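J.: Given next are the chains, with one letter for each unit.
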Amino acid sequence: MATSESVDAPLVVHIPSSAPAVPTVTSRHCALVRVTHWITTLCFLALLVTGVEILISHPRFYWGETGNVLTTPLFQLPIPSSRNLVQTGYGYVLPDQNGWSRYLHFQAAWIVILTGLLYAIYGFVAGHFRKNLLPDKADLSWRALSRTIAGHLRFARPTEAEFWSYNVLQRLSYLLVIFVLFPLVIWTGLAMSPAFVSAFPATVNALGGQQSARTLHFFVSLALVLFLLVHVVMVCVAGFRSRMRAMITGRAGTYKERT
Amino acid sequence: MTHLSRRKLIIGGLATAAGVSGLGVAARLAQRYGLVPPDHGGIYGLGETLTYASQRLLTRHSLAREFSRSQISKRPLVNELAPPSEAFKRLQAGGFADWRLTVDGMVDRPGSFSLAQLKSYPSRSQITMVQCEEGWSYIAEWIGVPLSHVLDAVGVQPQARYVVYFSIEPDWWESIDMTDALHPQTFLTYGMNGDELPVGNGGPLRLRVARQLGYKSVKFITHMTVTDSLKKFGKGLGSASPEGGYAWYAGI
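Residue numbers (the working numbering), protein chains in the order written: chain X, 447 to 705; chain U, 5 to 256.
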């Protein structure tokens with residue numbers, strides 16, 4: 447399975463038959479990574495918009511099993527609500543959008559989970575995680591890490607190595623999103639489902655209750671939004687056109703072109 | 005075209021053909037085993053069907069979590085309610101002595117039950133959570149007769165697939181499949197926290213569906229119909245919720 451076309455490091459294509467074997471660099475990201483990336487992007491945006499719509503029907507958060515307007519919240523967001531029941535201090539009530547928002551939220555969740563499964567299977571089988579995302583031991587030393595962080599804080603242009611491969615901070619944050627934040631957001635989401643937890647009660651009990659699951663779902667989503675913002679800013683710093691082209695067509699152009 | 009890409013094309017074509025026919029078979033099987041919700045049409049049908057089918061496969065016999073007496077919410081929330089209808093107010097003035105629940109449809113012995121009759125059946129209680137789709141929740145003790153007991157009394161016919169239930173208030177009706185209708189925690193509820201069921205929480209009679217969100221637990225129940233198809237009720241989407249834009253299945 448781990449043939450040369452299935453990695454997304456620079457792809458070396460050997461031109462067949464009698465042509466001289468000149469290696470030509472063509473692909474920054476392989477097709478599966480590009481397709482799953484954009485499906486995930488669309489689903490994430492749908493989940494975010496509908497999640498906000500669902501949230502505003504009750505912008506209060508609790509810890510434990512239960513919570514409602516008669517109990518003390520952990521915190522309340524200073525935003526208007528789409529329900530009369532919640533006292534927000536605003537003199538108006540927003541329109542109810544929960545119906546389609548819940549429909550679309552779960553549909554997007556299904557698509558992103560199936561896409562994520564496909565990506566994860568590919569990542570393990572084709573060695574994408576090992577080759578492209580697992581950081582080098584040498585890069586994990588404090589000196590190397592602080593040098594990379596300092597470079598990011600100066601918004602330095604990417605080096606040629608970074609142009610063709612992920613740097614250590616990218617690798618760590620992508621691994622965090624793929625193996626920690628996405629699994630957590632799925633878990634905390636399912637832990638709010640009364641039917642799901644009837645079959646798997648440990649999934650909600652381990653989180654401290656149904657309202658705790660809801661609160662954690664909110665914070666994990668915030669972490670994912672933070673990742674999205676930093677990700678987009680870094681794409682702009684690294685060269686928006688070149689990076690977008692790399693993730694859409696696979697072609698990154700040449701490093702010289704960029705610098 | 006190199007040798008490699010032709011092989012890829014053939015494999016891709018075969019995989020697509022297998023996938024499409026696999027989907028066709030899956031759809032037929034899902035229909036046969038009752039894994040397709042009535043609101044499966046439209047752009048959100050895929051997600052709804054996946055949710056309902058997988059929850060039915062995973063949760064057919066599972067019990068909603070029950071809580072200890074100490075976890076009962078001190079003040080159970082009373083949700084916003086439209087002002088009661090004249091019909092409701094008349095029955096309320098009579099202390100609900102004339103409240104009737106009629107059960108008809110695909111049953112051997114259609115019947116009409118007074119509250120006193122329902123209370124004479126074996127009474128059960130459960131301490132479970134009411135979760136609103138908005139995000140809030142509370143825990144209460146619910147007292148009533150399991151719906152399965154009443155369905156046994158009227159004799160449900162074997163081809164029955166759904167129970168449709170109606171509030172005395174207009175345009176307030178829902179339906180559940182037989183899995184939820186016969187579920188041991190699905191109660192015709194007339195008591196709460198050791199007392200009568202308050203009107204604000206659905207008294208005198210509420211159908212409590214413990215494994216679904218609050219909106220499936222319709223208040224002020226007066227009529228039930230057992231059926232094999234939801235097509236002839238309302239717009240054929242299963243209940244008032246999908247007509248108002250909300251999912252028919254509310255286990256999530």
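Keep in mind the hints are simulated off the structure, nothing from the lab. None of the values given here were measured: they were computed from a predicted structure. Misleading hints may appear alongside valid ones.
Unchecked claim - Computed beta-carbon distance windows for the label pairs: (1) U:239 <-> X:610: 36 to 46 Å; (2) U:13 <-> X:582: 14 to 24 Å; (3) X:509 <-> U:37: 55 to 65 Å.
Unchecked claim - To spell it out: a stretch of chain U is covered by chain X in this simulated footprint if at least three of its residues, at any positions, have a beta carbon under 8 Å from a beta carbon of chain X; those stretches are: (4) 85 to 98; (5) 141 to 150; (6) 172 to 183.
To be verified - Chain U residues, not near chain X, derived (Cβ > 10 Å throughout): (7) 26; (8) 54; (9) 112; (10) 161.
Ideal Cβ positions, reconstructed from N, Cα and C, are used throughout, including at glycine.
J.: Against the structure, test the hints numbered earlier, and report the numbers of the ones violated in rising order.
T.: Violated hints (numbers, rising): 1, 2, 3, 4, 6, 8; every other hint is consistent with the structure.
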